[in-house]
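There are 2 protein chains.
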Amino acid sequence: MSARIRSWWGWGYEDAACSEGEVSGLGFAFGARFGVALSARAPRTLDSLELAPPRFAAPSALAHLMSDDRRLRAAHTYGKSYRDVVRGFHGELAHPPDRVAEPRTEADLVALLEFCEKERVAAIPYGAGSSVVGGVECDVGGSFRGALSIDLGAMDRVLEVDRVSRAARIQAGARGPVLEEQLKPHGYTLRHFPQSFEFSTLGGWLATRAGGHYATVYTHIDDLVESMRVVTPSGPSESRRLPGSGAGPSPDRLFLGSEGTLGVITEAWVRLQEPPRWRGSAGVRFSRYEEGVAATRAVAQSGLFPTNCRLLDGGEAALAAGAGVVGALLVLGFESADHPVGPWIERAVELCRAHGGELPGGIKLSDTRVGEKGRGGEVEAWRTTFLRAPYLRDALVRLGVIAETFETACTWRDFPALHAQIVSAVTDALTRICGAGAITCRFTHVYPDGPAPYFTVYAPGRFGSELSMWGEVKAAASEAILAAGGTITHHHAVGRDHRPYYDRQRPAPFAAALAAAKRALDPTGICNPGVLLPAP
Amino acid sequence: MSARIRSWWGWGYEDAACSEGEVSGLGFAFGARFGVALSARAPRTLDSLELAPPRFAAPSALAHLMSDDRRLRAAHTYGKSYRDVVRGFHGELAHPPDRVAEPRTEADLVALLEFCEKERVAAIPYGAGSSVVGGVECDVGGSFRGALSIDLGAMDRVLEVDRVSRAARIQAGARGPVLEEQLKPHGYTLRHFPQSFEFSTLGGWLATRAGGHYATVYTHIDDLVESMRVVTPSGPSESRRLPGSGAGPSPDRLFLGSEGTLGVITEAWVRLQEPPRWRGSAGVRFSRYEEGVAATRAVAQSGLFPTNCRLLDGGEAALAAGAGVVGALLVLGFESADHPVGPWIERAVELCRAHGGELPGGIKLSDTRVGEKGRGGEVEAWRTTFLRAPYLRDALVRLGVIAETFETACTWRDFPALHAQIVSAVTDALTRICGAGAITCRFTHVYPDGPAPYFTVYAPGRFGSELSMWGEVKAAASEAILAAGGTITHHHAVGRDHRPYYDRQRPAPFAAALAAAKRALDPTGICNPGVLLPAP
Chain A
1 MSARIRSWWG WGYEDAACSE GEVSGLGFAF GARFGVALSA RAPRTLDSLE
51 LAPPRFAAPS ALAHLMSDDR RLRAAHTYGK SYRDVVRGFH GELAHPPDRV
101 AEPRTEADLV ALLEFCEKER VAAIPYGAGS SVVGGVECDV GGSFRGALSI
151 DLGAMDRVLE VDRVSRAARI QAGARGPVLE EQLKPHGYTL RHFPQSFEFS
201 TLGGWLATRA GGHYATVYTH IDDLVESMRV VTPSGPSESR RLPGSGAGPS
251 PDRLFLGSEG TLGVITEAWV RLQEPPRWRG SAGVRFSRYE EGVAATRAVA
301 QSGLFPTNCR LLDGGEAALA AGAGVVGALL VLGFESADHP VGPWIERAVE
351 LCRAHGGELP GGIKLSDTRV GEKGRGGEVE AWRTTFLRAP YLRDALVRLG
401 VIAETFETAC TWRDFPALHA QIVSAVTDAL TRICGAGAIT CRFTHVYPDG
451 PAPYFTVYAP GRFGSELSMW GEVKAAASEA ILAAGGTITH HHAVGRDHRP
501 YYDRQRPAPF AAALAAAKRA LDPTGICNPG VLLPAP
Chain B
1 MSARIRSWWG WGYEDAACSE GEVSGLGFAF GARFGVALSA RAPRTLDSLE
51 LAPPRFAAPS ALAHLMSDDR RLRAAHTYGK SYRDVVRGFH GELAHPPDRV
101 AEPRTEADLV ALLEFCEKER VAAIPYGAGS SVVGGVECDV GGSFRGALSI
151 DLGAMDRVLE VDRVSRAARI QAGARGPVLE EQLKPHGYTL RHFPQSFEFS
201 TLGGWLATRA GGHYATVYTH IDDLVESMRV VTPSGPSESR RLPGSGAGPS
251 PDRLFLGSEG TLGVITEAWV RLQEPPRWRG SAGVRFSRYE EGVAATRAVA
301 QSGLFPTNCR LLDGGEAALA AGAGVVGALL VLGFESADHP VGPWIERAVE
351 LCRAHGGELP GGIKLSDTRV GEKGRGGEVE AWRTTFLRAP YLRDALVRLG
401 VIAETFETAC TWRDFPALHA QIVSAVTDAL TRICGAGAIT CRFTHVYPDG
451 PAPYFTVYAP GRFGSELSMW GEVKAAASEA ILAAGGTITH HHAVGRDHRP
501 YYDRQRPAPF AAALAAAKRA LDPTGICNPG VLLPAP
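These protein sequence lines are chains A and B, in that order.
Just so we're aligned, residue 1 is where the first sequence starts under the working numbering, counting upward by one.
Just so we're aligned, residue 1 is where the second sequence starts under the working numbering, counting upward by one.
Hints are computed from structural coordinates only; laboratory data are not their basis.
Don't be surprised by glycine CBs; every beta carbon is placed ideally from N, CA and C.
Take these hints with a grain of salt, some might be off.
In silico SDA-like links for lysine to any residue, alpha-carbon gap of 25 Å or less [claimed, not checked]: (1) B/K118 <-> B/L319; (2) A/K184 <-> A/E160; (3) B/K118 <-> A/R347; (4) A/K118 <-> A/D68; (5) B/K364 <-> A/E346; (6) B/K364 <-> A/S302; (7) B/K364 <-> A/F305; (8) A/K118 <-> B/A516; (9) B/K364 <-> A/E160; (10) B/K184 <-> B/R55; (11) A/K118 <-> A/H64; (12) B/K118 <-> A/A508; (13) B/K184 <-> B/P343; (14) B/K184 <-> A/S302; (15) A/K364 <-> B/A516; (16) A/K364 <-> B/H339.
Per the computed footprint, the stretches of chain A lying under chain B, defined by three or more beta-carbons under 8 Å from a beta-carbon of chain B, are [claimed, not checked]: (17) 162-173; (18) 236-249.
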């Protein structure tokens with residue numbers, strides 16, 4: 001894997017980027033959709049860019065852990081939001097990290113944090129850099145001498161597997177494929193598959209409360225954590241391995257979602273699964289979107305706990321599943337390593353039918369031990385498409401197309417108004433700013449009391465103005481979310497980008513408590529300044 | 001209900017206390033069990049006790065909310081642990097609250113907290129007083145002028161029901177039966193049934209992370225909360241109603257388990273259920289305890305999510321279920337308002353059989369709509385026995401019998417050693433201190449990665465020495481729990497009694513963060529001093 005080169009400006013491996021032919025094809029398709037002519041440009045080359053020189057020297061004791069390599073600094077400048085990719089594409093790297101550190105051990109990390117405290121350097125934890133909210137940026141303000149990006153990628157080992165309790169102790173820098181590869185020989189899987197799977201780490205998931213594979217019950221990585229170890233400037237914090245506890249407020253829940261502001265997560269015990277043997281899936285079509293919502297709510301409140309429960313609106317259905325014209329498409333899936341899931345999916349489908357759903361393809365049941373390789377292949381194909389989407393976004397950036405997603409969660413009662421207000425606000429903004437565009441919606445996760453809707457926006461941008469154009473659309477969407485009672489993020493985190501809205505959403509006393517907790521753990525304020533709380 | 005008089009020293013309503021005949025019967029049974037003669041004594045009468053006079057006056061503006069009634073002060077002196085009931089029984093009321101306040105509105109509560117801050121009076125939030133960990137005590141140390149017990153009982157209304165999202169906004173002072181009574185006309189239930197159901201409140205459950213009805217998934221009240229409102233000395237904190245979120249560390253999770261140290265919870269939006277229509281239950285016997293543990297682990301890891309999954313050891317099985325001599329008895333239950341649960345329980349039973357389980361009574365399936373009143377009656381009978389247990393404890397106290405419970409949670413891997421070490425430590429202590437005694441174990445909740453074992457201890461005590469005798473046993477049990485990797489509490493909370501062990505269990509940086517959060521929200525430190533953190 002180390003032989004593959006990762007793009008310094010776009011999503012993933014350079015050898016997996018869209019070919020020029022694919023880019024042209026996308027340009028043709030999106031151009032036709034928006035009634036404009038699109039042509040691709042090339043990103044600035046790294047060689048053509050001037051990076052500001054590092055503002056601090058590497059101390060000799062830590063020199064072997066730090067690098068000022070141009071490519072490394074450029075690649076660690078941003079995460080992978082649309083905004084980030086556009087800035088990288090245009091070569092706007094105003095605030096690269098002064099140096100990039102790669103600790104190999106916790107002792108290395110402690111030494112790096114001590115250096116940062118002593119030298120007043122901001123410490124920016126970096127997992128695999130796929131933040132879409134400005135969570136790994138180094139524009140930390142004037143009160144720091146500089147910024148050190150601390151890449152945990154070398155701490156990527158599965159340290160211990162407890163087969164009896166079905167749990168593993170894993171280092172925070174392990175990317176999705178890297179930890180799954182190590183769990184496989186033990187016969188287990190974490191089954192946490194965010195879209196960023198390839199380029200995100202356990203530590204990043206924990207720090208941002210990432211949403212994963214399970215549409216119900218274990219929706220966030222939070223639910224798969226047994227204990228965590230966090231290196232704070234005030235010392236390491238390690239919670240006991242406990243399946244459940246009621247001893248005071250949960251220590252882990254303070255660090256889950258702390259986004260590097262309280263310290264750096266170094267390892268965690270996480271709950272594992274056996275690979276599923278039995279699967280059931282169905283695509284349920286509804287002629288009216290409202291029927292699809294009502295059916296999904298019924299399934300979410302049924303106690304059946306589907307693994308997949310993804311309601312796509314008409315636009316998503318056409319785009320992602322080639323489903324033609326429908327009001328909504330519910331992609332239902334159950335899986336189990338323990339039992340056939342027939343009774344589960346049959347009841348879920350019954351609920352859907354009672355709300356007007358139709359199943360042209362029926363229910364598909366499979367058992368991996370009786371040779372239904374076709375199912376596995378289909379799932380693999382879906383996963384490949386799912387994981388490939390960010391590569392397509394790079395191509396769209398090259399075409400000047402605005403392409404971004406945002407997500408929220410709200411109660412079932414509030415959803416119709418929230419959906420209408422967001423679609424209306426974004427459509428108005430797109431028309432005004434871009435002259436055209438589309439917004440689609442799917443549910444990524446569902447709860448008994450409400451869904452987590454995920455919106456995708458595409459619009460024709462103008463090269464050089466993409467950021468301000470998208471900024472206006474994003475502001476309109478964010479205002480609509482807050483006004484309609486949603487959360488500014490369900491699983492993309494807060495970072496620097498969502499801060500103004502997070503500040504309004506968060507209860508003021510909790511903000512004061514969190515700021516006080518940060519002062520206690522990070523008295524000099526070096527840990528990811530500007531994220532969650534104001535930079536000093 | 002207001003007409004019934006609640007015991008000032010023992011568990012519940014005076015008219016529900018054990019009759020003298022029942023007390024004698026218990027004395028005979030326990031005496032025979034331990035080979036001693038037991039005779040019942042009467043508690044001190046309230047009239048015979050001297051209570052220290054209140055150390056502060058009620059200000060005229062708040063006089064209508066405060067009382068110095070002797071009975072009220074005595075009844076608010078302790079919670080309902082064994083230690084509390086013994087102290088009440090002997091008339092040891094060294095630190096009663098100086099006054100008892102009963103706010104009717106949030107404005108009342110704000111005024112009371114302002115008074116406490118101004119006058120340096122400790123504010124001790126009181127739900128229905130069934131803390132078993134010293135959570136509502138008023139022995140707050142010399143840095144306060146006195147202590148005000150703030151009884152939330154008058155704030156007990158269901159304020160709003162959202163049928164679409166299946167959630168309700170409920171005031172914190174509502175006791176279990178009071179809130180269920182109000183939800184019933186809407187066709188919903190919270191289904192949170194701790195053993196203290198009759199004498200505990202929503203606010204108390206939230207403040208202590210109470211464990212409830214569900215053996216899996218929704219094990220704690222934490223999992224049923226959508227948003228909370230907390231009045232802190234620094235102002236009210238109200239989170240958004242969100243089914244899920246990833247916007248920073250969860251505000252609710254800071255207040256869940258805060259045990260009144262950060263402020264007073266005044267209301268919450270909680271998730272509701274429809275009353276279950278379909279039920280399935282089975283009693284599975286194992287000749288060896290280890291087989292029962294292995295079977296329970298298999299069920300807990302199966303993804304079947306039973307509502308009840310209570311593994312009783314031989315002693316518990318004989319005591320609670322009259323099951324005769326067995327190694328273990330697994331009480332399995334599934335329930336649903338949506339679908340018959342046959343396939344679920346059948347698979348769970350299959351797993352149990354694979355681990356040596358036998359079902360002399362088979363699987364019982366029921367549907368409330370087809371007239372199986374017998375099942376409802378049996379469940380009701382079980383619930384009555386369950387809720388009656390604390391009344392029996394009062395009788396045992398009158399007999400000088402030590403009777404108490406404690407609980408923990410640990411991984412499946414650690415459980416055999418933890419169980420052995422606790423049983424050995426407690427048995428040794430009982431033999432040494434009491435000359436006899438018994439310890440039994442059941443699982444109240446189970447997780448994929450471990451169980452929550454709940455221990456019950458009975459032993460012959462000596463009148464006047466019960467507290468020191470039990471103190472030694474409890475210390476032995478608590479040391480064994482910590483040494484074996486458990487938590488000092490799974491759902492009984494920390495209070496003042498578990499503090500020394502909680503302090504050792506809690507990561508030091510988290511303790512610093514929590515203390516800092518408290519200083520931010522409660523700068524004068526009036527909120528339940530001595531709980532979770534040292535009193536000033």
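Task: Ascending list of hint numbers which this structure does not respect - done: Per hint list: 1, 3, 9, 10, 13 and 15 violated.
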